[in-house]
Structure formats: C-alpha cells, structure tokens
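**Q** This is what each chain is made of:
There are 2 protein chains.
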Amino acid sequence: MVSSFNNILSFRMKLISNLLLILIPFSNSFAQHSDSIVVRKIYDEALLKGNSYKNLEYLCKKIGPRQNGSENSKKAVDWVKKQMEQYGLDQISLQEVSVPVWLRGTKEKAYIIDNKEKIDVPICALGNSLSTPNGGITSEVIEVKDFRELKQLDTTFIKGKIVFFNQIFDPAIIETSDAYLKVLNQRLNGASQAAKYGAVGVIIRSLTPSIDNLPHTGIVEYDVALPKIPVAAISTKAAEDLSKRLQQRKLPTVKFHFEQKCETLSNQTGHNIIGEIKGEKQNEVILLAAHLDSWDLGEGAHDDGVGCIQILETLRIFKKLGFKPKHTIRVVMFADEENQLSGAKKYAEIAAKKSAETYIAALETDLGGFTPRGFTIDTQQKSLQEIEEWSSIFRQYGADKFVKKETKGSDIHWLRNQNTILIDYKPDTQRYFDIHHTALDTFEQVNKRELELGTASIAALVYLIDKTQ
Amino acid sequence: MVSSFNNILSFRMKLISNLLLILIPFSNSFAQHSDSIVVRKIYDEALLKGNSYKNLEYLCKKIGPRQNGSENSKKAVDWVKKQMEQYGLDQISLQEVSVPVWLRGTKEKAYIIDNKEKIDVPICALGNSLSTPNGGITSEVIEVKDFRELKQLDTTFIKGKIVFFNQIFDPAIIETSDAYLKVLNQRLNGASQAAKYGAVGVIIRSLTPSIDNLPHTGIVEYDVALPKIPVAAISTKAAEDLSKRLQQRKLPTVKFHFEQKCETLSNQTGHNIIGEIKGEKQNEVILLAAHLDSWDLGEGAHDDGVGCIQILETLRIFKKLGFKPKHTIRVVMFADEENQLSGAKKYAEIAAKKSAETYIAALETDLGGFTPRGFTIDTQQKSLQEIEEWSSIFRQYGADKFVKKETKGSDIHWLRNQNTILIDYKPDTQRYFDIHHTALDTFEQVNKRELELGTASIAALVYLIDKTQ
Numbered sequence: 001m002v003s004s005f006n007n008i009l010s011f012r013m014k015l016i017s018n019l020l021l022i023l024i025p026f027s028n029s030f031a032q033h034s035d036s037i038v039v040r041k042i043y044d045e046a047l048l049k050g051n052s053y054k055n056l057e058y059l060c061k062k063i064g065p066r067q068n069g070s071e072n073s074k075k076a077v078d079w080v081k082k083q084m085e086q087y088g089l090d091q092i093s094l095q096e097v098s099v100p101v102w103l104r105g106t107k108e109k110a111y112i113i114d115n116k117e118k119i120d121v122p123i124c125a126l127g128n129s130l131s132t133p134n135g136g137i138t139s140e141v142i143e144v145k146d147f148r149e150l151k152q153l154d155t156t157f158i159k160g161k162i163v164f165f166n167q168i169f170d171p172a173i174i175e176t177s178d179a180y181l182k183v184l185n186q187r188l189n190g191a192s193q194a195a196k197y198g199a200v201g202v203i204i205r206s207l208t209p210s211i212d213n214l215p216h217t218g219i220v221e222y223d224v225a226l227p228k229i230p231v232a233a234i235s236t237k238a239a240e241d242l243s244k245r246l247q248q249r250k251l252p253t254v255k256f257h258f259e260q261k262c263e264t265l266s267n268q269t270g271h272n273i274i275g276e277i278k279g280e281k282q283n284e285v286i287l288l289a290a291h292l293d294s295w296d297l298g299e300g301a302h303d304d305g306v307g308c309i310q311i312l313e314t315l316r317i318f319k320k321l322g323f324k325p326k327h328t329i330r331v332v333m334f335a336d337e338e339n340q341l342s343g344a345k346k347y348a349e350i351a352a353k354k355s356a357e358t359y360i361a362a363l364e365t366d367l368g369g370f371t372p373r374g375f376t377i378d379t380q381q382k383s384l385q386e387i388e389e390w391s392s393i394f395r396q397y398g399a400d401k402f403v404k405k406e407t408k409g410s411d412i413h414w415l416r417n418q419n420t421i422l423i424d425y426k427p428d429t430q431r432y433f434d435i436h437h438t439a440l441d442t443f444e445q446v447n448k449r450e451l452e453l454g455t456a457s458i459a460a461l462v463y464l465i466d467k468t469q
Numbered sequence: 001m002v003s004s005f006n007n008i009l010s011f012r013m014k015l016i017s018n019l020l021l022i023l024i025p026f027s028n029s030f031a032q033h034s035d036s037i038v039v040r041k042i043y044d045e046a047l048l049k050g051n052s053y054k055n056l057e058y059l060c061k062k063i064g065p066r067q068n069g070s071e072n073s074k075k076a077v078d079w080v081k082k083q084m085e086q087y088g089l090d091q092i093s094l095q096e097v098s099v100p101v102w103l104r105g106t107k108e109k110a111y112i113i114d115n116k117e118k119i120d121v122p123i124c125a126l127g128n129s130l131s132t133p134n135g136g137i138t139s140e141v142i143e144v145k146d147f148r149e150l151k152q153l154d155t156t157f158i159k160g161k162i163v164f165f166n167q168i169f170d171p172a173i174i175e176t177s178d179a180y181l182k183v184l185n186q187r188l189n190g191a192s193q194a195a196k197y198g199a200v201g202v203i204i205r206s207l208t209p210s211i212d213n214l215p216h217t218g219i220v221e222y223d224v225a226l227p228k229i230p231v232a233a234i235s236t237k238a239a240e241d242l243s244k245r246l247q248q249r250k251l252p253t254v255k256f257h258f259e260q261k262c263e264t265l266s267n268q269t270g271h272n273i274i275g276e277i278k279g280e281k282q283n284e285v286i287l288l289a290a291h292l293d294s295w296d297l298g299e300g301a302h303d304d305g306v307g308c309i310q311i312l313e314t315l316r317i318f319k320k321l322g323f324k325p326k327h328t329i330r331v332v333m334f335a336d337e338e339n340q341l342s343g344a345k346k347y348a349e350i351a352a353k354k355s356a357e358t359y360i361a362a363l364e365t366d367l368g369g370f371t372p373r374g375f376t377i378d379t380q381q382k383s384l385q386e387i388e389e390w391s392s393i394f395r396q397y398g399a400d401k402f403v404k405k406e407t408k409g410s411d412i413h414w415l416r417n418q419n420t421i422l423i424d425y426k427p428d429t430q431r432y433f434d435i436h437h438t439a440l441d442t443f444e445q446v447n448k449r450e451l452e453l454g455t456a457s458i459a460a461l462v463y464l465i466d467k468t469q
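So the sequence lines, in the order shown, correspond to chains D and Z.
No gaps in the numbering here: position 252 of the first sequence is 252 in the numbering used here, and each next residue is one more.
No gaps in the numbering here: position 217 of the second sequence is 217 in the numbering used here, and each next residue is one more.
Since the hints were made in silico from the structure, they are not lab data.
Just so you know, not all the hints are guaranteed correct.
What the hints assert, rightly or not - Quick list of in silico lysine-lysine cross-link-like pairs, DSBU-like style, CA-CA up to 35 Å:
id: 1; chain 1: D; residue 1: Lys-255; chain 2: D; residue 2: Lys-237
id: 2; chain 1: D; residue 1: Lys-41; chain 2: Z; residue 2: Lys-109
id: 3; chain 1: D; residue 1: Lys-54; chain 2: Z; residue 2: Lys-237
id: 4; chain 1: D; residue 1: Lys-320; chain 2: Z; residue 2: Lys-237
id: 5; chain 1: Z; residue 1: Lys-159; chain 2: Z; residue 2: Lys-109
id: 6; chain 1: Z; residue 1: Lys-82; chain 2: D; residue 2: Lys-244
id: 7; chain 1: Z; residue 1: Lys-244; chain 2: D; residue 2: Lys-82
Said to hold, decoys possible - Between beta-carbon pairs, the in silico distance windows are:
id: 8; chain 1: D; residue 1: Lys-82; chain 2: Z; residue 2: Glu-175; range: 34 to 40 Å
id: 9; chain 1: Z; residue 1: Gln-469; chain 2: D; residue 2: Asp-170; range: 32 to 38 Å
id: 10; chain 1: Z; residue 1: Glu-85; chain 2: D; residue 2: Ser-383; range: 54 to 60 Å
id: 11; chain 1: Z; residue 1: Arg-148; chain 2: D; residue 2: Asp-44; range: 20 to 26 Å
Every residue gets a Cβ at the ideal spot worked out from N, C-alpha and C, and that includes glycine.
Take the sequences, apply the hints, and build the full model.
**A** Here you go:
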C-alpha cells in the first residue's frame, strides 16, 4: 500500500509540477501583459496630457538658475511645493540644509598675450574658486596634460606661473559620462596640485568633447593642506589656440592674464523638498531623486531641472491614474548637489535616525533630458534575468538598455547596501556635455518629446518596481 | 571486426564532433574578437579624424539647399565628385537624370479672417503645388480630420471653399517615422481628395508632433483624373488657432486667405553621383544610398545632407584603413528623392540592363543625423540569429537595435528581392520631424558627435557585411 500510495503521490506530484511548468509561464506572461497595458497608460499620460514641458519652462524661464543662497533657489522651492500641493500628495515637507554660498561676481576677463598681441578668450571661474588679486593675474603659462606630467617638471619652473591643464575629453570613449569621469580630476584637484609646486593660478580646459567658445564651470575642491589659488575654465577652442601658440613660440613670449571677482559668503539655509504618496507599507520607501540647485550660468535646464520635473511628474501621473502603491513613493529634490552635497548629507543623516524606514529602491535622474535609452541597475538582490524581464517591457519604447553595474548618482550613493536597488536613469548623453555647466543649459536645449519620453520611462519603472518588490 | 571497427569509427566521429563543438564557438568568438578590433578602428577614425562634420558644414553653408534644377544642386554634384576624387576612389561617374523642376516663387502669405480681425499665419506651398490665382484665394474653411470625414460631408458644403486637413501627428506613437506615415496621405493626396468635391484650395496641418510656428513642405501628388488646386502647409500652432476659432464662431465669420506664386518649369538634367571601391568580386555590389537633393527651405542638413556625408565618409574610412573589400562598395547619391524619385528610377532602369551585376546588400541613410540606435534589416536570407551576431558587436556603441522587418528606404526599395539584404540606418528620430522639410533643417541642428557615431555605425556594418557575405 505504502509503495502504491507513494506511486500515486509521486504521480500527482509530477502532474502538479508539470501543470505548474505549463501555468507559470502563462501567469508570467499574463502579468507581463497587464503590466504592458499600465505602462502604455503611463506613456499616454506623459505624452498626451503631460505637464513636464510646461513645468520645465516655468522653472527655467519664470524662475531661472538656482544657485545656493540665491533668491531663485527660494522661489523654486516655493513653486515646487505649490505644484506638489496642487497634485494632492499625501505629505509634503521641507528639510532645512545649511548650504555653502559662493558668488561669481562681475564677469571674468581673460586674454592671451602673444608678443604684443592681446587675444580675448572666454573663461569662467570654477565654483568655490578664489578671486584673483586686484588687477588680475598675469604670468607665463606652463601647459600640462595631467598630474603625472606636472609632477615630472622642475618645481622652480612652475613657481609663480599659471598652470594650464589641457587634458582632452576623449571623443573615442563612446559613453560621454565615462569620458567626463576620466578628466574630472583636472577640474576638482588641478588647483591644489599646481599650488603644491608654487603656481599662482590655474586654467583648465573645459570638460566637453565639443570644440567651441563656451567655458564650463563646476566645483573645485581645494586641498585644505595646500595653498589656495584662483582657478578658471577656458573654452576648448581657446584652449587649443593657447596650446598652439605655446608650441609655436618659445617661452616666455606667450603669457596669460585672467581676472575674476568671486567670493565665498557664510552658509545660508536652503531646503530639500520632499513629497510623497504613501504606500500600503508606509515605511517601505521607493526614493526618487534629483537636485533643484543649479549653476548660475544658463538656467539649470538639463542639469537638473529636467530631473526635478520628471520625478514630480511621476507623482502626478500616479495620482492621475489612481495608483495605490504598495510602497511609499517619495520624491526628494535635493539642495546643493553642485557644491558640497550638503542636501544629500542632511537627508542621509536624518534617514539614519528613522530606523523604522527601509528603502526598497532609489532612482536618480541627473543626466539630462534627452531621449531615454534605459537604466543602470545596481543591485545584489535582483538577478540579471529578473532585470531583463523588466527591460523587455521597455523594448517598444526604446528605453530597454538595462545594465547591471554600479550607479553614479551622487544624491543616492549613501543608500548603497544589500537591500536597496539603486538606479540611474540613462538618457542618451551624446550632446549632454556640450552644454553641461554652461550658459547654454537653457530650456530651449530640451526637446519636449524627449523629456516626456524620459518621464514616462521613469514613471513606468517605478510602477513596476512598486508592484513586483 | 566490422563491429569493432564501427565502434572505433563511431568513437572517432564522436570525438571529432565533440572537438568541433568545442572549437566552433572558439573560432566564432575569435572572428568576433578580430571584427571587434576592426570596428573599434572604424569608430576611432570617424570620431578622432573624421571628415563628416566639416564636409556637412561645407555642403550646408558653402553650398546650401539643393532643390532640383537649382544652381546649388549642380555645385553640390561638382563638390561631391571632387571629394570622391580626393579620396582616391576606384571609379566615379555621373548618371544623367531628367528631373522635374518646381519653384516656390515669392514668399507665401496667409491670414485668418475672424470677423474684422486679420491674423497672419505661417504657411508654405507644398512641393509641386499650383500657384493661387492673382490676389490669392479667400474663402470659408471646412475643417476635417481625414478623408473619411471629408467624404461624409454634403458636397455642396465643400464647393468653392478651402478644405483644412487638421489630422494630428500622433504623439502617442513612439516611433515618429511610424506616426509620420500615418498622416502622410493628407499631404500627398489631400488636394485631390478635396478637389473631387469642388474645393478651391487646401490647407494641411504640418506633419510634425511639435506645436510651433514652422510650416513643413513636402510633395503633393495630384491625381491626374481630378482638378488641380493649390495646397499649402500651415504651422501646427496656427492650425490649432484656426481650429479653435472655427469651433468658437459659427461659420461663415471665419475665413482664410492664402497666396503663393509657385510654378512648375520644364524638366532639367540632374545627376546621380556614383563612387566606388572595387571589390575582389567586382560584380557583387554593396550599395550605399542617400539623396543629394533637398527642399529649398533650410539647408537640407538632416534631410539628407547627413546621409550623403555618411556614405561618402564610409568610403574615405575604407580607403584610409586600407580595406580591400571582397565586394564592390558603391555609393550612390541620388538626384530628386524629394519630388519624383527620378534618380532612383533611372538608376534602377540602368541596373536592370547590367545582368552581370548582383546586389549583396543595399543600405540607405535618410532619417537624419541623430544618435545611432541601430538598423532595420529586410532579408529572406539571414536568420534572426545571424543578425543578432552582428548586432552584438554594436552593443558597446549603443547602435545595437537590429530589427528584422520591411525597410522604408525610398531610393533602394526597387532592390527588394530574395538575394539582396535591404537595410535602413536608424538613428534616434524623436526630434527629426520637428525640423523635417522646414527652414530649420540647417547645419546648426546637427550634432558633430551624433553625426560621427552614425557614420561609424554605417561603415562598421558595411565592413561586417562585406566580410561575412
């Protein structure tokens, strides 16, 4: 009997497991099908009735650039709060952040002195740079590609001179954000490295693959153990001209002059803005991150007005389509990403004290508002196969490049742990660094459709994560 | 013995087949690896030493728009020929084509008459359209979405009036080129359809998802059996304004006036330009197609200056890297794609007589110079798996979206047969129809890096096809 019972049991088990084998794919494909329908609704809402473009226009044109401590930065916080209220979010709050304040001052001046000729060139001070002394700095120029080359020079040769870092943004690297990271240290650390050897000022080649007349700003990080010297970025066209003149003439017939009147004031109070739709599991959070501050040049459109608008619009779409999320969907627009990440640090500090809250996922959008390509997924939890299941839904929308690797998002990196899926939204970035941190980062550079497609991709992925986690 | 011999044989066969199973993937991956190295060289040449951007600048800025019969179209042929000579191609020839000549004449004028108010609106005559009578046409307006709606109207209601086709370019369709094909018939056939019911003129909403002030030209195809009436495109913003006024007021208080002075001259001689690198198998051809003609508005940059530059640059890269192709790599820049495809027809007619020549593949690039996404592959020969093998090489370049389906390329569609692989180059087209056939289709709208990446993708695929076919 036992044996026969076992046989029957074994037969039944086989039957059930075979049935399961048949049914599981069906249930998967059924779930996929119903997900596809919701995703289509999200895209339709973003493309046909979206607020992305008009909101971005308001942020860029009615408010403008949003540097730490500026009147605009306060106006922007007020306006975002009002938008969140209008969209009927469950909770809206402001988090006070002590932000550093740096002012560019009057427009910078610079020229090359080549024998008796003076050639004006476009520069801009780097964020946090010192002012030049009254009357500016005029000096011979030492051109180097990188720190290694600088280190090999005779120290006496550098003393009292301007060091010119002319490392190019490598056009052969396909991902522009990778090429950017390869040259970033000349902007971050060039000033201190040159000061170590007695330089009086530093000029860096702007971080862009484009050869044009736009100087690109961005933060300099002074080494506290070293003297601080003024540093500015020069346009790539002028950098090439300066380099050519230095090669053609023998030193010291070529000199450089630059003047900037920037200053660092005492810290002010800025704000992280937080808006959320509460989930059934209120303490399990999906975080959407962007930064509301921007450089003073341009209008902070692609960097990162676009990101703020996209995550705000994600919440509006969720409300509009009547989604009741399982997890709390929380948008945070951080203060001060561009200077010292004080907004992200403050948020992390407070979050660490709320032991009841856990983060299911955190998605950052800070790579511009161009055509969506996909997402970078940083996870120890999800298998490649599970990620590919998500990505397949995005194939018809052209946003299906899901890559499993470490994310770069500067406002969410503190959340890297075993339990949180970190995500960077990846638009096409081929033209991003042409305008990054320049006067050209304006509303006009954002294409309505590309922006809306990006919004839809983000909202759709948030929907899928909320549903499947 | 026999049995034992058979056993040994069977064992040997197994061993061999197992070895093959081990070795084949190696040899495949070895081939893939060496292909990857060559592809990388192609990208480096295009990105670091490319001529694409400066050539496009010359074509757009030193020559300009290249309408059939224009002086510019002749200059462009001469210039391309000179470039081909400079690149040391094996054969360069011109093919005479009788091209239709249509002139826009003095700038079009149009306004809405709303009670006593006159509101100027931007329009442009469609290519091949009739002129309006002296003094223009002033009439009541009948707005319809499509031919079905037109057909349902009372004929007496249409007689003597202007029909306004206001079908929107659907923003919910993700592929803009699909959305374009869905509304194209209002531009191609709207005039004849309205004339059938006695309309005196036609205004069509410009074929673009963007809401702006730019009218978009393009060809009208008159039905020879029906009366010909003048037709113009109106900007989308003005179309929406006109539609709103028509809905708000009762007819006939809203009227429309338009004037255009276009004319059709007798045919002239244009040219297809052909340049090639001869292959070992001289009569087996890989054809690269683009069109050198353009509309008179703008500079014919994205449409299709970019395509011409990319295929020209493909030959330059082949020469520069010293490739000796197995098949003849032939570039054809066709005359008159925009009007009657007379260039493609002439080429096809002559090709049909050269029975010794066969076409391995034909690739067309005529969807703009934006970031590459991949290729549409139209083939009865190649399996999906073989195509995926190609596409895997393009993954790191972001150009790996290889879709097996019918291509749209208007200059190569006559080659659709069992033996030829037809290919459309697919860049990102989200912003393409914002500028398509408008005054904004200028050099400034093309991004250097995106153009060069497109060139490299095309050259790399041509290399792979030549090698593997």
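**Q** So, for every hint listed, does it hold in this structure?
**A** Tested hints:
The suggested pairing of D:Lys-255 with D:Lys-237 holds, with an alpha-carbon distance near 17 Å, which does not exceed 35 Å. Using a Cα cut-off of 35 Å, the hinted pair D:Lys-41 and Z:Lys-109 is violated, with the two alpha carbons roughly 41 Å apart. Proposed proximity of D:Lys-54 and Z:Lys-237 is supported: the alpha carbons are some 16 Å apart, at most 35 Å. For the suggested pair D:Lys-320 and Z:Lys-237, the alpha carbons sit about 27 Å apart, so the restraint of at most 35 Å is met.
Under the criterion of a C-alpha separation no larger than 35 Å, the hint pairing Z:Lys-159 with Z:Lys-109 is consistent with the structure, at around 23 Å. With a CA separation close to 31 Å, the supplied pair Z:Lys-82 and D:Lys-244 stays within the 35 Å bound. Under the criterion of a C-alpha separation no larger than 35 Å, the hint pairing Z:Lys-244 with D:Lys-82 is consistent with the structure, at around 31 Å. At roughly 37 Å, the beta carbons of D:Lys-82 and Z:Glu-175 sit within the given window of 34 to 40 Å.
Separated by about 34 Å at the C-beta atoms, Z:Gln-469 and D:Asp-170 satisfy the suggested range of 32 to 38 Å. Against the hinted window of 54 to 60 Å, the Cβ-Cβ separation of Z:Glu-85 and D:Ser-383 comes to about 57 Å, which satisfies the hint. The supplied range of 20 to 26 Å is met by Z:Arg-148 and D:Asp-44, whose beta-carbon atoms lie about 23 Å from each other.
Against the hints set out earlier in the document, a violation occurs for number 2 only.
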